[in-house]
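There are 2 protein chains.
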Amino acid sequence: MSGSPLRVAVLGAGTVGREVVHALLDRRDELASADGASLVLSAVAVRNVERAVAAGYPASMVSDAPAHLVADPDIDVVVELMGGDEPAHTLIAAALSMGKSVVTANKHVVAHHGAELEATARRTGGVLRFEAAVGGGIPVLGPLATDLAANRVERIRGIVNGTTNFILTAMTDPASPFEFEAALAEAQRLGYAEADPSGDVEGLDAVNKLVILARLAFDAWLDPAAVATRPDGADGPAGPGITTVSLADQQDARRAGRIIRLVATASAGDDGEIQAAVLATALPLESALGRTSGVRNRIEVDAVPVGRIGFDGPGAGGAATSSAVLGDLMAIARGAGSTWGARPSATGPTGDPVTRPDRPVLIAASGIRYPIDD
Amino acid sequence: MSGSPLRVAVLGAGTVGREVVHALLDRRDELASADGASLVLSAVAVRNVERAVAAGYPASMVSDAPAHLVADPDIDVVVELMGGDEPAHTLIAAALSMGKSVVTANKHVVAHHGAELEATARRTGGVLRFEAAVGGGIPVLGPLATDLAANRVERIRGIVNGTTNFILTAMTDPASPFEFEAALAEAQRLGYAEADPSGDVEGLDAVNKLVILARLAFDAWLDPAAVATRPDGADGPAGPGITTVSLADQQDARRAGRIIRLVATASAGDDGEIQAAVLATALPLESALGRTSGVRNRIEVDAVPVGRIGFDGPGAGGAATSSAVLGDLMAIARGAGSTWGARPSATGPTGDPVTRPDRPVLIAASGIRYPIDD
Numbered sequence: 001m002s003g004s005p006l007r008v009a010v011l012g013a014g015t016v017g018r019e020v021v022h023a024l025l026d027r028r029d030e031l032a033s034a035d036g037a038s039l040v041l042s043a044v045a046v047r048n049v050e051r052a053v054a055a056g057y058p059a060s061m062v063s064d065a066p067a068h069l070v071a072d073p074d075i076d077v078v079v080e081l082m083g084g085d086e087p088a089h090t091l092i093a094a095a096l097s098m099g100k101s102v103v104t105a106n107k108h109v110v111a112h113h114g115a116e117l118e119a120t121a122r123r124t125g126g127v128l129r130f131e132a133a134v135g136g137g138i139p140v141l142g143p144l145a146t147d148l149a150a151n152r153v154e155r156i157r158g159i160v161n162g163t164t165n166f167i168l169t170a171m172t173d174p175a176s177p178f179e180f181e182a183a184l185a186e187a188q189r190l191g192y193a194e195a196d197p198s199g200d201v202e203g204l205d206a207v208n209k210l211v212i213l214a215r216l217a218f219d220a221w222l223d224p225a226a227v228a229t230r231p232d233g234a235d236g237p238a239g240p241g242i243t244t245v246s247l248a249d250q251q252d253a254r255r256a257g258r259i260i261r262l263v264a265t266a267s268a269g270d271d272g273e274i275q276a277a278v279l280a281t282a283l284p285l286e287s288a289l290g291r292t293s294g295v296r297n298r299i300e301v302d303a304v305p306v307g308r309i310g311f312d313g314p315g316a317g318g319a320a321t322s323s324a325v326l327g328d329l330m331a332i333a334r335g336a337g338s339t340w341g342a343r344p345s346a347t348g349p350t351g352d353p354v355t356r357p358d359r360p361v362l363i364a365a366s367g368i369r370y371p372i373d374d
Numbered sequence: 001m002s003g004s005p006l007r008v009a010v011l012g013a014g015t016v017g018r019e020v021v022h023a024l025l026d027r028r029d030e031l032a033s034a035d036g037a038s039l040v041l042s043a044v045a046v047r048n049v050e051r052a053v054a055a056g057y058p059a060s061m062v063s064d065a066p067a068h069l070v071a072d073p074d075i076d077v078v079v080e081l082m083g084g085d086e087p088a089h090t091l092i093a094a095a096l097s098m099g100k101s102v103v104t105a106n107k108h109v110v111a112h113h114g115a116e117l118e119a120t121a122r123r124t125g126g127v128l129r130f131e132a133a134v135g136g137g138i139p140v141l142g143p144l145a146t147d148l149a150a151n152r153v154e155r156i157r158g159i160v161n162g163t164t165n166f167i168l169t170a171m172t173d174p175a176s177p178f179e180f181e182a183a184l185a186e187a188q189r190l191g192y193a194e195a196d197p198s199g200d201v202e203g204l205d206a207v208n209k210l211v212i213l214a215r216l217a218f219d220a221w222l223d224p225a226a227v228a229t230r231p232d233g234a235d236g237p238a239g240p241g242i243t244t245v246s247l248a249d250q251q252d253a254r255r256a257g258r259i260i261r262l263v264a265t266a267s268a269g270d271d272g273e274i275q276a277a278v279l280a281t282a283l284p285l286e287s288a289l290g291r292t293s294g295v296r297n298r299i300e301v302d303a304v305p306v307g308r309i310g311f312d313g314p315g316a317g318g319a320a321t322s323s324a325v326l327g328d329l330m331a332i333a334r335g336a337g338s339t340w341g342a343r344p345s346a347t348g349p350t351g352d353p354v355t356r357p358d359r360p361v362l363i364a365a366s367g368i369r370y371p372i373d374d
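Read top to bottom, the protein sequences are chains A and B.
Quick note: the first sequence uses this note's numbering, first residue 1, plus one each step.
Quick note: the second sequence uses this note's numbering, first residue 1, plus one each step.
Please keep in mind that the hints were generated in silico from the structure rather than gathered at the bench.
It is possible that some hints are incorrect.
[Stated by the list, open to error] Okay, the calculated bits of chain B under chain A, using three or more residues with CB under 8 Å as the criterion:
1. 190–197
2. 300–313
3. 316–325
[Claimed, not checked] One side only, chain A facing chain B, incomplete, derived with CB under 10 Å:
4. ILE138
5. ALA185
6. GLN188
7. LEU190
8. GLU194
9. ALA319
10. SER323
11. LEU326
None of the values given here were measured: they were computed from a predicted structure.
Ideal Cβ positions, reconstructed from N, Cα and C, are used throughout, including at glycine.
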């Protein structure tokens, strides 16, 4: 793989983009691999060119036309860090259809358009890598596709949304427990939650990550809309994600030696049927997931023959996430291919039913039935 | 990588070898990758051919001449699972010098001959993979070399020896604490400790694993003999590994909110100097390492920019370890190269001093000064 360096365009200069750009500018030699494969930053697409130049980006590199950078024959690798659905989806699809390599941290696009993007990449020989889309800097997709490739995964589950886990942790602070609204306000104050927190607190962000984990674990792209997010209430489905979790519910859980956390779970039955859910779940206080506090993430893989493997770390933040983006860039430089590695093709959403795991419940005084897990 | 399957010889049919052989025989299609790369078991070297055939190994495959298998031009990949220094070391070196690929779980050979074996592999283009040598089935070397490649590792530490961790856990069982000797006897009864437990309890097994982790983290092969294993006593160095840890010492630690566990630590200073030690260490009861109980392993990587990543799982056992061996075989089938990936060459042992991290201590009533860590 030695020879000309790969020319990289970074789309988006937000929290993660800024870290990636600085690393590519400042640590170029360090990021070159021993066999000579190297990366050179050619362009950065930003919203406001003047502001980017004022902030120190080289004027020769900045552009407000990401589609031009994608189409530019002098760009080999596109790093999509804009977030959201469009134009990110179209830009990624366009790059792959030209056979270019793409690195993205965009869990929404990968979860909602993964089957289409995978088909395009396989058709053109383009490479799509997205380690940063799940667990920030925690290596989990790579290990699933490579190191654990000889295993049959039975279940994958985890705490994959730092915002909700911060809120649920603050609510159970023994010194000064917060009510949900106050905990959310504190998360917003600290920059852990957005002004519109619905994607996090309603579980949609965790659903996206679960869909991506399931792709690596079970070789199927689930339909995000098919993943259950609502626990049962006294009279049918209650609110999604953690929106039902009151301080009183947490205290009910604590009396049972448990803590309510938002857990994403996907498992495969012997018949190939996949069960998946993102539900506020009552976990033992003393379990590894129960003790995963604040904005940390933890993902557990139960597989045969290996047993249970746990991965934990900072699940968000520009610096941590840049580790995964840069790792993916280095993987592309050494010719490692897409994140799914040598796993079989996955199509989907297949229309196959995604059912909800059947679990015993803890019935809070509020009437909400929180599934319990070990 | 499609085309002829790679022909594999497994040397050694003990706990791990048996699992690997059965997987290669029973799950051949499953272990083939989507792009057609596949593996076929051609031969198994055993101590006693008659017994192996009686146990169900195909007679056409078994041999008691591992060196012949290594030399056989019809063997592409050698899986060394004999353990110990010789003849394992010579067989691995011979295979690599012929440009063959080698997978091994042999931490002793990799730690003590790693620099030589790496040099040979780089010279001939042979491939050496050894994920199974550290942490059983826990993916940690692969993630260090690939997913975390963009990071500068500051420290790596962990509980990497299940036998000693089982003993130390049994000593602190609140229901019925064991004295050291009784805990060791229990570990032997359950098959977690060997008849001669010195390699485990004196810390040498953990030293080997630390040397291998440091290779991936810091691109240097440390001299195993240079890694400190003895805490200070009242009058100079005390016994190695966990041999000093009495029930009374554990109780002294518990009164300080701590638990003594065997922790392997390596860190790199700004000047490139590497500090490394395997010491019985007083950890907070409530920390992730403090809570790692029984035969489980946990390895933590502190790195920039990612922060702290933790990996945990079953650190030993035939089934778990076979996951890593088979994963390495599949990596070879898809052309992934050696475990060190694109990291720079490491030479050594360099003769550079390996110093011992300087830490505050907990002085037990016995006079032993156990370093404390967070």
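Quick rundown of the hints versus the structure:
1. Coverage of the stretch 190–197 of chain B by chain A is violated in this model, with 0 residues showing a Cβ closer than 8 Å to a Cβ of that chain against a need of three.
2. Beta-carbon proximity to chain A at under 8 Å applies to 11 residues in the stretch 300–313 of chain B; the threshold of 3 is reached and the given coverage holds.
3. Interface restraint, the stretch 316–325 of chain B with chain A: holds (6 residues with C-beta to C-beta distance below 8 Å; minimum three).
4. For ILE138 (chain A), the shortest C-beta to C-beta distance to chain B is roughly 6 Å, which falls under 10 Å, so the interface hint holds.
5. The restraint placing ALA185 (chain A) at the interface with chain B is violated, with a minimum CB-CB distance near 26 Å, outside the 10 Å limit.
6. Interface restraint check for GLN188 (chain A): the shortest CB-CB distance to chain B comes to about 22 Å, outside 10 Å, so the restraint is violated.
7. Below 10 Å, beta-carbon pairs count as interface contacts, and LEU190 (chain A) has none with chain B, the closest being about 16 Å; its hint is therefore violated.
8. Residue-level restraint check for GLU194 (chain A) is violated (minimum Cβ-Cβ distance to chain B is 21 Å; threshold 10 Å).
9. At its closest, the beta carbon of ALA319 (chain A) sits 4 Å from a beta carbon of chain B; the interface hint therefore holds under the 10 Å criterion.
10. Checking SER323 (chain A) against chain B: minimum C-beta separation of about 4 Å stays under 10 Å; hint holds.
11. Checking LEU326 (chain A) against chain B by beta carbon gives a least distance of about 3 Å; that is within 10 Å, so the hint holds.
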